[in-house]
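K.L.:
One-letter residues, chain by chain:
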Amino acid sequence: MEMQQFQYDNKIVRNFIYASIVFGVVGMLVGLILAFMFLFPNVTSGIPFLSFGRLRPLHTNAVIFAFVGNAMFAGAYYSMQRLLKARMFNDFLSKLHFWGWQLIIVAAAITLPLGYTTSKEYAELEWPIDIAIALIWVVFGINMIGTIIKRRERHIYVAIWFYIATFVTVAVLHIFNSLELPVSGLKSYSVYAGVQDALVQWWYGHNAVAFFLTTPFLGLMYYFVPKAANRPVYSYRLSIIHFWSLIFIYIWAGPHHLLYSALPDWAQNLGVVFSVMLIAPSWGGMINGLLTLRGVWDKVRTDAVLKFYVVAITGYGMATFEGPMLSLKNVNAIAHFTDWIIAHVHVGALAWNGFLSFGMIYWIVPRITKTTLFSQKLANFHFWIGTLGIVLYALPMYVAGFTQASMWKQFKADGGSLEYGNFLETVTQIIPMYWMRAIGGTLYLVGVLVMVYNVIKTVKQGSAVQDDAAEAPALAVISPNRLKGEKWHSWLERKPIQFTIYTTVAILIGGIIQILPTIFVKSNIPTIAAVKPYTPLELQGRDIYIREGCVSCHSQLIRPFRSEVERYGDYSRSGEYVYDHPFLWGSKRTGPDLHREGVPGKPFNGGRDDVWHFNHMYDPQSISPGSLMPRYQWLIKDKLDNSMIQKKMEVMVTLGVPYTDADIANAQKSIDEQASKIESKLLANSDINKVFGKDQEVPLKDREIVALIAYLQRLGTDTAVKPKQ
Amino acid sequence: MLKFVKHNLETISGVEIYPIISLAIFFTVFVAFTIWAMTYSKDTINQISNLPLKDE
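Same order as they appear, the protein sequences are chains E and U. For what it's worth, the numbering used here labels the leading residue of the first sequence as 53, then goes sequentially. For what it's worth, the numbering used here labels the leading residue of the second sequence as 328, then goes sequentially.
These are computed hints drawn from the structure, not numbers from a lab. Be aware that one or more of the hints could be misleading.
Derived lysine-lysine pairs resembling DSS-like cross-links, with alpha carbons at most 25 Å apart [said to hold, decoys possible]:
#1 E:Lys640 - E:Lys381
#2 U:Lys369 - E:Lys279
#3 E:Lys691 - E:Lys654
#4 E:Lys239 - E:Lys461
#5 E:Lys63 - E:Lys422
#6 E:Lys422 - E:Lys509
#7 E:Lys640 - E:Lys691
#8 E:Lys547 - E:Lys239
#9 E:Lys63 - E:Lys202
#10 U:Lys381 - E:Lys699
#11 E:Lys461 - E:Lys539
#12 E:Lys733 - E:Lys689
#13 E:Lys239 - E:Lys351
#14 E:Lys512 - E:Lys381
#15 E:Lys279 - E:Lys422
#16 E:Lys422 - U:Lys369
#17 E:Lys351 - U:Lys381
#18 E:Lys584 - E:Lys733
#19 U:Lys381 - E:Lys279
#20 U:Lys381 - E:Lys547
#21 E:Lys461 - E:Lys584
#22 E:Lys654 - E:Lys539
#23 U:Lys369 - E:Lys536
#24 E:Lys539 - E:Lys202
#25 E:Lys689 - E:Lys729
#26 U:Lys381 - E:Lys422
#27 E:Lys584 - E:Lys429
#28 E:Lys239 - U:Lys381
#29 E:Lys63 - U:Lys381
#30 E:Lys512 - E:Lys147
Given only the sequences and the hints, what does the whole structure look like? Please build it.
P.N.:
Right, dumping it as structure tokens:
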């Protein structure tokens with residue numbers, strides 16, 4: 053057979069690695085700043101674009117899509133070319149993929165701090181960026197499948213199966229969760245409302261973790277661990293079962309506990325079984341990765357790359373054991389909304405994604421620069437300080453999570469009222485934990501900076517990155533049909549298009565079975581007659597709430613537990629959310645729940661007057677000493693922009709919110725009237741009157757704070773006087 | 328938790344069948360792929376699992 057000469061594209065691999073490192077440092081640095089904001093809430097006071105609520109999505113997006121995303125692409129481009137014995141399909145598509153992705157990251161880094169956000173977690177980017185993501189993702193897919201088609205190796209290695217599943221599933225998830233109706237160039241409303249929006253979002257959210265942070269990295273594991281250990285994967289058979297069962301059940305597992313825990317007992321139990329089943333393929337994969345090191349454990353002692361892989365795979369095993377446990381109802385009741393979840397995701401991110409990326413970077417960089425690593429010692433130092441960082445990060449957060457949950461639920465000895473009725477008591481208790489977390493995060497980042505130095509020195513001592521020459525015989529043309537005696541799977545494993553289709557079917561089965569009920573939910577939500585659409589001013593206030601990322605720290609979902617009903621008021625009902633585009637349930641309670649903030653009658657939560665809210669936004673610590681809430685003074689200074697309100701209401705009408713033509717025509721007037729009432733209440737306070745009572749360039753009623761107060765005071769009031777259902 | 332979602336799903340007619348179908352589908356798929364993996368010949372498995380090591 054004639055040998056064909058070709059070259060592996062190393063420059064694209066180098067580009068993605070550099071981007072991953074740069075954005076990794078940025079994303080982790082932002083995370084560290086956020087960790088310190090728990091200790092010094094006003095450290096960026098007065099700078100809106102550096103406020104906690106706006107930086108938090110920047111941190112998550114930078115780490116997930118910029119750091120981990122670029123590392124995934126680097127590893128996929130490196131391994132795919134070599135496993136398929138072919139250069140990437142098209143150099144232009146490779147470059148378009150790289151630069152397009154970086155442009156999206158830059159767009160995110162600009163828009164998120166400016167407050168352009170959909171508020172849906174890990175899908176915060178606004179609609180034009182969503183479209184760009186979809187396009188660039190397709191470029192990646194075409195480039196990958198094109199490479200597979202022109203390959204010179206008959207069998208498609210299992211790592212590439214994971215890349216294919218990643219491409220297909222992320223595309224499906226991203227498109228369905230990002231369905232939104234634009235109001236303006238950088239503002240849109242989710243087409244789903246309330247419960248439906250929540251179900252679609254968490255179907256996305258869970259599976260984004262599965263198919264952006266897990267499957268591509270399993271692909272990398274199946275390539276780079278054998279490479280570093282210089283021996284084949286422990287069991288290729290196990291990897292086949294691992295692949296199909298993982299992609300098949302992952303897509304159902306996340307929302308299953310959300311769906312079925314709400315069903316009759318036998319169905320709930322079955323739902324739990326499903327989530328627990330995910331342990332099997334996950335641990336199958338973990339065992340397969342660890343056992344690949346059989347016989348080379350002595351190398352782990354000296355080789356930093358293998359050390360990183362061992363901790364990464366162990367972290368994967370820990371996180372995938374914890375995940376199903378968290379989906380058990382009784383465990384979830386404790387963990388949800390607490391710092392336990394923060395610990396859980398950081399074991400996954402810091403150990404699994406971070407350490408696997410670092411190991412891969414230390415392995416690839418010397419090879420593409422034709423040299424050896426500048427310093428094994430520094431790499432080993434990075435490993436140890438990073439591991440210590442993970443431990444110091446995760447352990448205090450577990451303690452904090454348990455402390456929060458037990459304090460939130462603790463009743464007084466007489467059983468009548470909450471022991472810690474004031475939410476603040478449960479916050480000040482865990483400040484030492486937040487200190488330790490910040491120290492752990494610092495150690496981890498120091499390790500990464502050491503890696504940056506090591507990589508720079510390695511690149512400097514090596515030669516410029518050149519394409520690697522390679523040769524392989526072309527694949528003989530054989531029948532597209534099954535050959536005589538060829539097994540069905542051997543046939544499928546050499547047919548990339550059919551393989552992709554079957555993968556899509558595998559993930560769609562779970563997706564469809566889950567998404568169909570959520571579509572039916574809309575028509576099944578009992579409407580509560582008392583629940584009315586937001587007034588124009590409240591809608592404006594809600595958009596400020598979204599813009600400032602209040603949802604990062606405040607939930608709007610009171611669970612049907614006695615302790616929560618006692619603290620926050622009657623538990624939340626689905627009919628109350630029918631006009632919420634998007635839903636704002638939140639996933640973390642750094643501060644108290646706000647779903648019934650406007651309802652009086654609870655000793656410590658909600659029912660405050662307008663002046664309280666005004667002063668609280670101006671200086672939270674003056675009202676609640678020790679509070680973690682940052683100041684939002686710009687809301688008091690800035691004029692509310694009402695120019696889009698009618699357009700917003702029209703979009704809401706399209707989405708099914710029953711505003712009348714008269715409502716829309718009178719929107720400005722309605723805003724003025726409602727704002728004037730709030731203004732007069734505020735000005736009745738002598739301190740506020742002293743400053744804002746005189747003639748102002750912008751009257752108090754026209755400022756953003758008034759809209760936010762209107763929204764907060766509305767929360768929960770629709771159903772407040774109604775008897776229990 | 329999330330009991331308030333319960334009502335919405337209960338009102339879908341025939342929703343009881345969902346988890347049963349789910350389990351049946353999963354079980355079938357799992358068995359199918361286990362058989363798939365077991366029918367490989369040892370030679371083939373050795374050869375393809377060595378792919379990453381022979382690619383430079």
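K.L.:
A separate judgement is required for each hint: does it hold in the structure or not?
P.N.:
Evaluated hints:
{"no.": "1", "hint": "E:Lys640 - E:Lys381", "verdict": "17 Å, holds"}
{"no.": "2", "hint": "U:Lys369 - E:Lys279", "verdict": "21 Å, holds"}
{"no.": "3", "hint": "E:Lys691 - E:Lys654", "verdict": "33 Å, violated"}
{"no.": "4", "hint": "E:Lys239 - E:Lys461", "verdict": "39 Å, violated"}
{"no.": "5", "hint": "E:Lys63 - E:Lys422", "verdict": "13 Å, holds"}
{"no.": "6", "hint": "E:Lys422 - E:Lys509", "verdict": "13 Å, holds"}
{"no.": "7", "hint": "E:Lys640 - E:Lys691", "verdict": "30 Å, violated"}
{"no.": "8", "hint": "E:Lys547 - E:Lys239", "verdict": "43 Å, violated"}
{"no.": "9", "hint": "E:Lys63 - E:Lys202", "verdict": "20 Å, holds"}
{"no.": "10", "hint": "U:Lys381 - E:Lys699", "verdict": "61 Å, violated"}
{"no.": "11", "hint": "E:Lys461 - E:Lys539", "verdict": "58 Å, violated"}
{"no.": "12", "hint": "E:Lys733 - E:Lys689", "verdict": "18 Å, holds"}
{"no.": "13", "hint": "E:Lys239 - E:Lys351", "verdict": "54 Å, violated"}
{"no.": "14", "hint": "E:Lys512 - E:Lys381", "verdict": "54 Å, violated"}
{"no.": "15", "hint": "E:Lys279 - E:Lys422", "verdict": "17 Å, holds"}
{"no.": "16", "hint": "E:Lys422 - U:Lys369", "verdict": "36 Å, violated"}
{"no.": "17", "hint": "E:Lys351 - U:Lys381", "verdict": "21 Å, holds"}
{"no.": "18", "hint": "E:Lys584 - E:Lys733", "verdict": "24 Å, holds"}
{"no.": "19", "hint": "U:Lys381 - E:Lys279", "verdict": "10 Å, holds"}
{"no.": "20", "hint": "U:Lys381 - E:Lys547", "verdict": "22 Å, holds"}
{"no.": "21", "hint": "E:Lys461 - E:Lys584", "verdict": "32 Å, violated"}
{"no.": "22", "hint": "E:Lys654 - E:Lys539", "verdict": "69 Å, violated"}
{"no.": "23", "hint": "U:Lys369 - E:Lys536", "verdict": "20 Å, holds"}
{"no.": "24", "hint": "E:Lys539 - E:Lys202", "verdict": "23 Å, holds"}
{"no.": "25", "hint": "E:Lys689 - E:Lys729", "verdict": "19 Å, holds"}
{"no.": "26", "hint": "U:Lys381 - E:Lys422", "verdict": "18 Å, holds"}
{"no.": "27", "hint": "E:Lys584 - E:Lys429", "verdict": "65 Å, violated"}
{"no.": "28", "hint": "E:Lys239 - U:Lys381", "verdict": "51 Å, violated"}
{"no.": "29", "hint": "E:Lys63 - U:Lys381", "verdict": "22 Å, holds"}
{"no.": "30", "hint": "E:Lys512 - E:Lys147", "verdict": "24 Å, holds"}
The structure fails to meet hints 3, 4, 7, 8, 10, 11, 13, 14, 16, 21, 22, 27 and 28 from the earlier list, while all remaining hints are met.
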